[in-house]
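Asks: Working from the sequences, and respecting the hints, build out all of it.
Residue numbers (the working numbering), protein chains in the order written: chain A, 850 to 990; chain B, 79 to 247.
Hints are not guaranteed to be accurate.
[Said to hold, decoys possible] Selected chain B positions facing chain A (in silico; Cβ < 8 Å):
hint, residue
1, M79
2, R97
3, T113
4, F117
5, M118
6, N179
7, V181
8, V184
9, I204
10, D208
These are computed hints drawn from the structure, not numbers from a lab. Just so it is clear, the structure is predicted and the values come from calculations on it, not from any experiment. Cβ coordinates follow ideal geometry from the N, Cα and C atoms, glycine included.
The residues making up each chain are set out below.
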Amino acid sequence: MDWDKIEILLEKYENAATTLAEEQLLKSVFEKEDIPIHLQSYKILFNTFTASKNELFKPELKVNKSTFNWRYLSIAASILVLFSISIGYQQYEKKQQAKEAFAETKKALDMLSQNMNKGNLAFVQLKEYQYTTDKIFNSPK
Amino acid sequence: MTQKEFLLNVLPFKDKVYRLAKRLLVSTDEAEDATQELFMKLWNKKEEISSLRSIEAYAMTMTKNFCLDRLKSKQASNLTLVHSNYISNDISLDKKLEIENSVQIVRKLMDKLPEQQRIIIQLRDIEEYDYDEICEIVEMNQTAVRVALSRARKTIREQLLKTHAYGLG
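Replies: If you want it as structure tokens, here you go:
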């Protein structure tokens, strides 16, 4: 191994002047065992870089679960709102109808009672008549 | 876009999104939550993204912005105490791990970089994006990206030499 060349490359590396190919060459060189003592620190450095690439994302990637949930949730919510509005409207209609029916009945009963009262008045007159006839026919005994 | 097509487009880079989220948010749980949420967002935008040149670059930009926002709101909601806890915890962890697990050391060092540098070094040295793609993702020009990357690389190696020398001595 031509270590002079490697050292020139290392200097270029530290000045961020190496190409990707040169950096890959350095990595592969320092993977081997026989490294001069004064270059050992580079071995640690490059081996770490190589090793770090093996760190993987372990959990399963979940992509659309939550987005789909949101969509379904909003649909469900709007259906619920529509449903409750229609139910509420029906209830309101029913109540309104009951109110109307009550008012009608009340009116009818009122009319009935008014007519009854008219009838009563006639009775009063009749009573008066009865009273006077009684007076006339029954008093001289 | 059907769900099948969407997953076909999106699954190849789910690990990259997760790793970037983890680089920024540090905690595995938070990074997983963020990834889940990001893909949900992408799915909701499926009509828009189907016309994009690179869905991946778009997703990575989204990831970057999303995580930076999370970090900001965390700081705003007074979680800084937790954060400083994490840092002090981190130092003692560093000491423990420095001999047995050098990979962890570098990761911890990366997590201490400023956010912008963290993103760029993640994209370049781990995900191996070319500069054009990185510029698109981080919304910076190439010079600025290279400067940040160089700074990040130098800082990590300096720190590494320090902890390592300390560990050996």
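Asks: For each hint, tell me whether it holds in the structure or not.
Replies: So, going through the hints one by one against the coordinates:
1. The beta carbon of M79/B comes no nearer than 11 Å to any beta carbon in chain A, farther than 8 Å, and the hint placing it at the interface is violated.
2. The criterion of a C-beta within 8 Å of any C-beta in chain A is met by R97/B, whose closest approach is roughly 6 Å, and the hint holds.
3. Taking 8 Å as the C-beta cut-off, the interface hint given for T113/B holds, the closest approach to chain A being about 6 Å.
4. Against a cut-off of 8 Å between C-beta atoms, the interface hint on F117/B holds, since the closest Cβ of chain A lies about 6 Å away.
5. The beta carbon of M118/B is positioned within 8 Å of a beta carbon in chain A (closest approach about 6 Å), and the interface hint is therefore held.
6. Interface hint status for N179/B: violated, as the beta-carbon distance to the closest one in chain A is roughly 10 Å, over 8 Å.
7. Interface hint at V181/B: satisfied, since its Cβ lies 5 Å from the closest Cβ of chain A, which is below the 8 Å cut-off.
8. Using the Cβ-Cβ criterion of 8 Å, the hint placing V184/B at the interface with chain A is satisfied: the shortest such distance is roughly 4 Å.
9. Because the smallest distance between the Cβ of I204/B and any Cβ of chain A comes to about 5 Å, under 8 Å, the interface hint for this residue holds.
10. With 8 Å as the threshold, the beta carbon of D208/B comes within range of chain A, its nearest partner Cβ sitting at about 6 Å, so the hint holds.
Of the numbered hints listed earlier, those contradicted by the structure are 1, 6.
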